[in-house]
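Number of protein chains: 2
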Amino acid sequence: MNKTRTSIVDIARAAGVSKSTVSLVLQGSSLVNEKTRDKVNALIGDLGYVYNRGAANLRQSKSKIIGIVVNDLTNSFFAELAVGMDMMVQSAGYVQFLAHSGESVDRQREVISSMRENGIAGLILSPARGTEASDIKPLADSGIPVVLVVRNVSGAKVSTLLSDNYTGARAAIRHLISLGHHRIAFMGGFADTAVFGERLRGYRDALAEANIPLNEKFVIHSAPSRAGGVAAVERMMGFAERPTSALCLNDAVAFGVCDGLRSNNIEPGKGFGIIGFDDVIEAKTAVPALTTVSVDPQGMGQRAAQLVLKQINAGQTDPESIVTSVRLVVRQSCGAPVNQLEELA
Amino acid sequence: MNKTRTSIVDIARAAGVSKSTVSLVLQGSSLVNEKTRDKVNALIGDLGYVYNRGAANLRQSKSKIIGIVVNDLTNSFFAELAVGMDMMVQSAGYVQFLAHSGESVDRQREVISSMRENGIAGLILSPARGTEASDIKPLADSGIPVVLVVRNVSGAKVSTLLSDNYTGARAAIRHLISLGHHRIAFMGGFADTAVFGERLRGYRDALAEANIPLNEKFVIHSAPSRAGGVAAVERMMGFAERPTSALCLNDAVAFGVCDGLRSNNIEPGKGFGIIGFDDVIEAKTAVPALTTVSVDPQGMGQRAAQLVLKQINAGQTDPESIVTSVRLVVRQSCGAPVNQLEELA
DNA sequence: TGACTGATTTGGAACGTTCCAATTATATGG
DNA sequence: CCATATAATTGGAACGTTCCAAATCAGTCA
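From first to last, the protein sequence lines are chains A and B. Going letter by letter, the first sequence gives residues 1 to 345 in my numbering. Going letter by letter, the second sequence gives residues 1 to 345 in my numbering.
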């Protein structure tokens with residue numbers, strides 16, 4: 001209704017003090033007399049004053065906004081990641097611009113530039129597939145801390161927070177092997193992301209160290225989603241010699257694989273061993289409960305936020321690369337030892 | 001690295017024109033000579049100028065930021081809703097402040113006030129449980145359009161975009177009845193949200209019109225999440241006389257119910273009919289594919305964004321209440337006609 | 001030439017804050 | 001009562017933009 005927002009000078013006038021004093025009160029300065037402070041605070045409530053952070057930023061040119069760009073919010077791994085960041089960011093007194101690139105680099109470029117215009121203090125980016133170092137460079141050059149999370153971008157000289165995909169995948173395969181499997185597939189994902197590459201490398205190396213020859217057909221590409229998991233199973237069903245278990249690129253694919261198996265009357269975890277990657281919330285309650293490599297997305301989000309906050313406070317520091325460790329969480333979906341499985345098959 | 005951001009006057013100086021001219025170029029005004037425009041644009045690229053939207057807002061006091069607060073991003077219904085909004089908002093040249101209240105009113109209050117300070121042009125809110133009209137009033141009073149989505153807040157005089165929960169639930173129950181069920185549960189949710197109330201009312205009325213007496217025990221409260229669905233099934237297993245089917249508060253609960261049934265060796269869709277609500281992406285690919293009331297979360301998000309954008313452009317308009325229609329999507333999870341079911345049971 | 005036109009361009013105030021240097025009020029000690 | 005220290009307050013410039021009224025420029029016409 002008010003034609004014009006009430007400003008600091010309005011309360012100054014009402015309180016009979018100068019705008020400087022009001023500003024001091026707003027900043028919680030100890031310089032100002034208690035009585036004055038109370039009077040001003042009362043007026044602030046009464047007049048419905050709202051602080052104009054934009055104006056403040058203009059003067060002191062350091063905002064309290066952190067940009068977060070996530071490639072796919074509908075994947076619960078990323079949603080949890082975002083929630084973890086949100087918690088950290090909020091509790092540090094910052095707010096977040098959260099945007100969704102939908103795996104499109106163009107879109108990502110747009111939102112990043114828009115964030116720049118709005119004066120973010122730092123950026124956390126889970127890059128869309130195909131992101132190049134040049135997409136990030138201008139930001140980093142202008143002194144805004146950037147933290148890459150989940151996926152790396154080759155050539156970008158910024159901080160990264162990645163999970164130990166290689167070790168996680170290797171541990172998962174070793175586990176399947178220890179259960180007696182030797183026809184093990186790798187399902188989901190496309191070769192163009194670093195995450196895929198690292199997990200696949202773990203898969204290969206673990207097979208190699210057990211002297212199990214790699215069957216290239218068993219690396220089944222598909223969208224890194226639930227639907228992709230279903231598709232991968234369909235593909236697999238056409239094979240003459242089928243795998244008895246699979247490591248999936250992520251939990252979404254793993255759930256899709258469960259769905260796909262059921263459509264083919266194979267009971268996941270009994271007729272076929274499945275291991276996922278990420279450990280999203282549902283992994284625990286799903287039936288069968290999903291054996292998966294736990295990445296702790298919320299924790300990772302928090303860590304990423306901490307990292308960017310640290311860099312913001314420290315002025316400018318050298319890029320830091322953190323690899324978070326992962327651990328295999330064994331639940332039901334990887335199934336009973338394979339000798340039992342084969343009897344059933 | 002630069003001590004100070006390059007500003008409009010820097011390019012003005014470099015181009016030998018006044019800052020006003022540069023401003024005009026930035027706004028794409030037709031007043032400025034083509035040659036000048038080109039020169040300025042070239043300099044903008046060269047000097048790495050980035051527009052300072054904060055400063056601009058200060059002067060013209062209408063920002064291009066839309067606040068979006070969602071109560072639970074990890075629920076894919078809300079994630080999709082957010083993605084739908086994101087698409088609309090971005091393509092209208094706005095950016096979004098997306099925050100997650102985690103179903104906490106305190107947190108919600110914080111983020112809303114933070115958004116206000118940052119000068120949002122409008123707010124889309126999917127309110128946390130227990131939100132009161134007073135939480136929204138100050139915003140609305142100060143002339144910022146607010147659109148409530150998914151859940152209503154009684155007494156709030158702002159626009160709303162709700163789905164037709166009552167009709168959807170009634171249609172679902174009618175369908176179950178037509179399949180021969182008469183012991184039908186309602187699973188998930190707590191009585192303190194309007195959504196719950198409306199869907200439950202649809203459930204009750206549909207039973208009543210078929211002259212099926214309501215068994216209060218069959219309304220099983222639980223968290224509106226996957227884990228809640230599992231819990232609801234556990235509760236149900238203790239009943240002497242068990243339901244043969246259930247309408248779930250939402251798809252997340254429905255998936256949890258499937259999980260819970262499997263743990264009890266009941267095959268969802270065969271030994272027990274399940275209908276969800278929302279139609280999230282996974283509903284289609286899940287096994288069994290989920291029969292659910294389709295709410296089209298992305299579309300709803302888009303509609304909500306359109307509504308708030310309309311109100312922003314129109315200055316101030318009267319609150320508008322939109323009820324989006326829903327439709328029952330019959331897939332596998334509601335199962336075969338009940339006479340077959342009972343043979344199996 | 002001079003007036004008039006339309007096309008461009010331009011100072012300067014304004015937006016709401018912070019920050020600095022300077023001022024005023026209050027208390028303390030001699 | 002003065003000098004001095006300390007506490008509290010203040011005016012005004014600055015931040016980077018927009019917007020307005022006014023100024024300048026280049027033709028054009030008589």
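To be clear, the hints were calculated from the coordinates, so they are not data collected in a lab. Hints should not be assumed to be uniformly reliable.
Copies of the same chain are indistinguishable here, so a pair counts whether it falls within one copy or spans any two.
Claimed, not checked - In the DMTMM-like style, the derived pairs of lysine to aspartate or glutamate whose C-alpha atoms are separated by at most 25 Å in a straight line are:
no.	residue 1	residue 2
1	K137	E241
2	K217	D296
3	K19	E117
4	K19	E209
5	K157	D10
6	K157	D318
7	K62	E110
8	K310	E234
9	K157	E267
10	K62	E320
11	K137	D10
12	K310	D135
13	K270	E320
14	K62	D318
15	K310	E198
Nothing here was measured: the structure is a model prediction, and the numbers come from that model.
Next on the checklist: Name the hints, by number, that the structure is in violation of.
Outcome noted: Structure breaks hints 1, 2, 4, 5, 8, 9, 13, 15.
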